[in-house]
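Novice: Chain D is fixed; fit chain H onto it per the hints.
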Amino acid sequence: GAVVSQHPSWVICKSGTSVKIECRSLDFQATTMFWYRQFPKQSLMLMATSNEGSKATYEQGVEKDKFLINHASLTLSTLTVTSAHPEDSSFYICSAIRTDTETQYFGPGTRLLVL
Amino acid sequence: GENVEQHPSTLSVQEGDSAVIKCTYSDSASNYFPWYKQELGKRPQLIIDIRSNVGEKKDQRIAVTLNKTAKHFSLHITETQPEDSAVYFCAASDFSGTYKYIFGTGTRLKVLA
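Order-wise, the sequence lines are chains D and H. The first sequence maps to residues 185 to 299 in this note's numbering. The second sequence maps to residues 3 to 115 in this note's numbering.
Just chain D, with the same shape it has in the complex (with noise of 0.2 Å):
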């Protein structure tokens, strides 16, 4: 089956830095990738529409500025959260839609602690 990473799967850092998040399709091309958040037994929260080769399309409440998306391949996206806070601490998930069989594969998710 479609095969998703995710790199790192922990993080703590201090508030204030920035921490940036990997994801990549193992053995398929994804011209789509998406970010999720989700909060401790809640369900996972669309944070934007990762699109290989041009601007992310961020969900309404999203902050474009603090949750930088790249798309720089077929293969990686990245989410970078910049200057983070405690309350950014959250289990934060990526997929991937393999387009020949239009599903989407999820990565491991990184779990991010703010202190």
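Hints may be right or wrong, so weigh each one.
[Stated by the list, open to error] Under the rule of at most 30 Å between Cα atoms (straight-line distance), these lysine-lysine pairs were calculated in the DSSO-like manner: (1) K204(D) / K39(H); (2) K248(D) / K225(D); (3) K70(H) / K24(H); (4) K59(H) / K44(H); (5) K44(H) / K198(D); (6) K73(H) / K60(H); (7) K225(D) / K60(H); (8) K39(H) / K112(H); (9) K248(D) / K44(H); (10) K239(D) / K198(D); (11) K24(H) / K225(D); (12) K112(H) / K225(D); (13) K70(H) / K112(H); (14) K102(H) / K225(D); (15) K248(D) / K102(H); (16) K239(D) / K44(H); (17) K24(H) / K59(H); (18) K73(H) / K24(H); (19) K250(D) / K198(D); (20) K112(H) / K60(H); (21) K204(D) / K248(D); (22) K24(H) / K60(H); (23) K112(H) / K73(H); (24) K112(H) / K59(H); (25) K60(H) / K70(H); (26) K44(H) / K204(D); (27) K239(D) / K59(H); (28) K225(D) / K44(H); (29) K225(D) / K73(H); (30) K102(H) / K24(H); (31) K250(D) / K102(H); (32) K24(H) / K112(H); (33) K204(D) / K73(H); (34) K73(H) / K39(H); (35) K39(H) / K102(H); (36) K225(D) / K39(H); (37) K250(D) / K44(H); (38) K59(H) / K198(D).
No lab work stands behind these hints: they were computed from the structure. Values in this document were obtained by computation on a predicted structure and should not be read as measured data.
Specialist: Just chain H now, with coordinates in the frame of chain D:
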């Protein structure tokens, strides 16, 4: 905007019994409905999906039914086992080119041995 409601939020069943989780969507353009299973701290895993041209799909102990008129779709798990315990999410998508999924709020299933 688009919305997917999911019920119940928690469900406890005895091992061997059946479990049913129901979702309702609002966007009539939705035509693809996947179900994901998420274990604690792990990624969601696709367990079954259905497209709008099909009313029912089955894969061993798991089945999904779709009622497009009522905008309802349901997940059925038969002969439940303790390893079925997890959080289950439904989703709806219109595959209009964005491939964006709208997820339900999740159901925490506990299968009691």
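Novice: Does each hint hold? Answer for all of them.
Specialist: Hints versus structure:
no. : hint              : in the structure
1   : K204(D) / K39(H)  : holds (27 Å)
2   : K248(D) / K225(D) : holds (25 Å)
3   : K70(H) / K24(H)   : holds (13 Å)
4   : K59(H) / K44(H)   : holds (26 Å)
5   : K44(H) / K198(D)  : holds (25 Å)
6   : K73(H) / K60(H)   : holds (19 Å)
7   : K225(D) / K60(H)  : holds (28 Å)
8   : K39(H) / K112(H)  : holds (13 Å)
9   : K248(D) / K44(H)  : holds (26 Å)
10  : K239(D) / K198(D) : holds (28 Å)
11  : K24(H) / K225(D)  : holds (18 Å)
12  : K112(H) / K225(D) : holds (14 Å)
13  : K70(H) / K112(H)  : holds (29 Å)
14  : K102(H) / K225(D) : holds (22 Å)
15  : K248(D) / K102(H) : holds (18 Å)
16  : K239(D) / K44(H)  : holds (29 Å)
17  : K24(H) / K59(H)   : holds (15 Å)
18  : K73(H) / K24(H)   : holds (11 Å)
19  : K250(D) / K198(D) : holds (16 Å)
20  : K112(H) / K60(H)  : holds (22 Å)
21  : K204(D) / K248(D) : holds (14 Å)
22  : K24(H) / K60(H)   : holds (16 Å)
23  : K112(H) / K73(H)  : holds (27 Å)
24  : K112(H) / K59(H)  : holds (24 Å)
25  : K60(H) / K70(H)   : holds (18 Å)
26  : K44(H) / K204(D)  : holds (20 Å)
27  : K239(D) / K59(H)  : violated (37 Å)
28  : K225(D) / K44(H)  : holds (13 Å)
29  : K225(D) / K73(H)  : holds (26 Å)
30  : K102(H) / K24(H)  : holds (20 Å)
31  : K250(D) / K102(H) : holds (22 Å)
32  : K24(H) / K112(H)  : holds (16 Å)
33  : K204(D) / K73(H)  : violated (39 Å)
34  : K73(H) / K39(H)   : holds (22 Å)
35  : K39(H) / K102(H)  : holds (18 Å)
36  : K225(D) / K39(H)  : holds (14 Å)
37  : K250(D) / K44(H)  : holds (25 Å)
38  : K59(H) / K198(D)  : violated (48 Å)
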